[in-house]
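Using the sequences and the hints, build the whole thing.
2 protein chains.
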Amino acid sequence: MEQIVVPPREGRAVRVGAGQSLKIVTPHGSQAADFFAYNAADLDEWLSPMHTWVWTRSVRPRVGDVFLSRFRNPMAELVEDGAGGVHDMMIAACDQARYEQFGYEGHHASCSENLAKAMRALGHEVTVTPQPVNFFTNTRVDEEGRLLSPPNPVRPGAYVTVAARMDLVCVVSSCPFDLPVEGWTINAPGGPTELLLEVA
Amino acid sequence: MEQIVVPPREGRAVRVGAGQSLKIVTPHGSQAADFFAYNAADLDEWLSPMHTWVWTRSVRPRVGDVFLSRFRNPMAELVEDGAGGVHDMMIAACDQARYEQFGYEGHHASCSENLAKAMRALGHEVTVTPQPVNFFTNTRVDEEGRLLSPPNPVRPGAYVTVAARMDLVCVVSSCPFDLPVEGWTINAPGGPTELLLEVA
Chain A
530 MEQIVVPPRE
540 GRAVRVGAGQ
550 SLKIVTPHGS
560 QAADFFAYNA
570 ADLDEWLSPM
580 HTWVWTRSVR
590 PRVGDVFLSR
600 FRNPMAELVE
610 DGAGGVHDMM
620 IAACDQARYE
630 QFGYEGHHAS
640 CSENLAKAMR
650 ALGHEVTVTP
660 QPVNFFTNTR
670 VDEEGRLLSP
680 PNPVRPGAYV
690 TVAARMDLVC
700 VVSSCPFDLP
710 VEGWTINAPG
720 GPTELLLEVA
Chain B
530 MEQIVVPPRE
540 GRAVRVGAGQ
550 SLKIVTPHGS
560 QAADFFAYNA
570 ADLDEWLSPM
580 HTWVWTRSVR
590 PRVGDVFLSR
600 FRNPMAELVE
610 DGAGGVHDMM
620 IAACDQARYE
630 QFGYEGHHAS
640 CSENLAKAMR
650 ALGHEVTVTP
660 QPVNFFTNTR
670 VDEEGRLLSP
680 PNPVRPGAYV
690 TVAARMDLVC
700 VVSSCPFDLP
710 VEGWTINAPG
720 GPTELLLEVA
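If you read the sequences in order, they're chains A and B. Quick note: to get our numbering, add 529 to the position in the first sequence (first position is 1). Quick note: to get our numbering, add 529 to the position in the second sequence (first position is 1).
No lab work stands behind these hints, which were simulated from the structure alone.
Computed footprint of chain B on chain A; a stretch qualifies when at least three of its residues, placed anywhere within it, have a C-beta under 8 Å from a C-beta of chain B: (1) 572 to 582; (2) 586 to 593; (3) 619 to 626; (4) 653 to 667; (5) 674 to 685.
Simulated restraints, written as ranges between beta carbons of each label pair: (6) B:Glu531 x A:Glu609: 51 to 57 Å; (7) B:Pro536 x A:Gly635: 49 to 55 Å; (8) B:Gly546 x A:Glu711: 34 to 40 Å; (9) B:Pro682 x A:Gly614: 29 to 35 Å; (10) A:Gly548 x B:Phe631: 26 to 32 Å; (11) A:Leu677 x B:Val657: 28 to 34 Å; (12) A:Arg675 x B:Tyr633: 33 to 39 Å; (13) A:Gln532 x B:Arg669: 37 to 43 Å; (14) B:Gly712 x A:Gly593: 16 to 22 Å.
A quick note: this is a predicted structure, and the numbers were derived from the prediction, not measured. Note that the Cβ used here is the ideal one computed from N, Cα and C, for glycine as well.
Spelled out as structure tokens, the structure:
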């Protein structure tokens with residue numbers, strides 16, 4: 530079994546072969562894990578929540594749901610959910626522009642940058658940041674269609690396990706979001722914390 | 530004023546300059562209009578619902594909401610809604626694979642193909658089908674996060690108007706979806722109908 534620590538606010542790429550599984554753990558709880566996956570044999574094929582949820586008919590992943598690529602091929606299945614279903618697939622990956630949108634000045638770490646860095650280390654340039662699956666993120670859509678992000682209730686040690694249906698390059702980012710935006714709680718109030726990855 | 534008819538199951542591209550507006554009409558009602566928009570000066574910058582709704586905090590566009598690009602720049606504002614808010618930004622553009630997913634055999638017209646054709650006619654190759662805004666499409670997310678597509682109530686003559694905040698290339702597709710999928714009503718039961726575009 531391969532174990533990888535994703536330090537707070539950073540990202541890591543990991544290869545997960547078809548039939549292998551990737552476990553993602555938030556040891557301190559309430560830490561959003563932005564999850565991206567690519568077909569290892571064709572990096573133009575990436576996991577797409579929008580193509581997934583029209584098939585699963587659920588905007589949140591549930592055990593047994595299969596994540597599809599933008600070409601609608603099965604990429605991975607959620608096989609274990611030790612976080613009570615508190616996941617999101619709707620929030621775009623944060624990026625420098627997002628932090629500037631909130632008035633932040635200067636460079637801020639972001640999931641988009643973490644993805645680009647992790648893929649670049651493997652020799653791949655990211656030209657399109659895919660929509661991620663955000664594990665351990667609490668998001669709701671109310672009856673009026675409003676998007677809400679209430680406080681994150683995910684307990685320490687919560688985890689998910691996904692089983693690869695094809696050879697994948699996966700990237701997991703410890704979301705660096707730490708701005709005190711009213712009604713938009715992403716991570717724990719104390720700031721971003723590390724994630725653990727296990728490939729088996 | 531420029532008027533364009535989008536025939537049933539087809540798509541059309543139209544240039545909309547900054548300060549101009551684009552009106553989209555469903556003369557027969559209940560016809561999904563897949564809407565894509567690109568920065569005319571940089572086709573790598575396209576409208577992104579996922580970047581839009583984290584800012585507007587609404588998964589459905591409302592009058593006054595500004596659609597953002599994937600680089601989080603303002604592209605267009607919804608200035609008139611003559612369809613009672615029945616719009617969707619979550620359903621991925623249909624494509625050949627979507628119809629095959631439902632068991633359809635042979636070629637089927639699709640919004641992705643319509644987009645590619647319309648852009649190709651302008652000399653541009655589409656390598657990534659952006660997530661569209663689907664005007665006149667009835668979609669809901671329930672408390673459990675389930676994605677629902679109840680029957681489409683949009684009346685004949687319903688319309689929306691968007692005002693461009695930058696020079697845009699817009700593509701509108703008369704969604705060709707016509708499969709009798711249980712609980713997944715997109716267009717009117719009689720099949721796809723034309724759309725009207727007015728640039729002023």
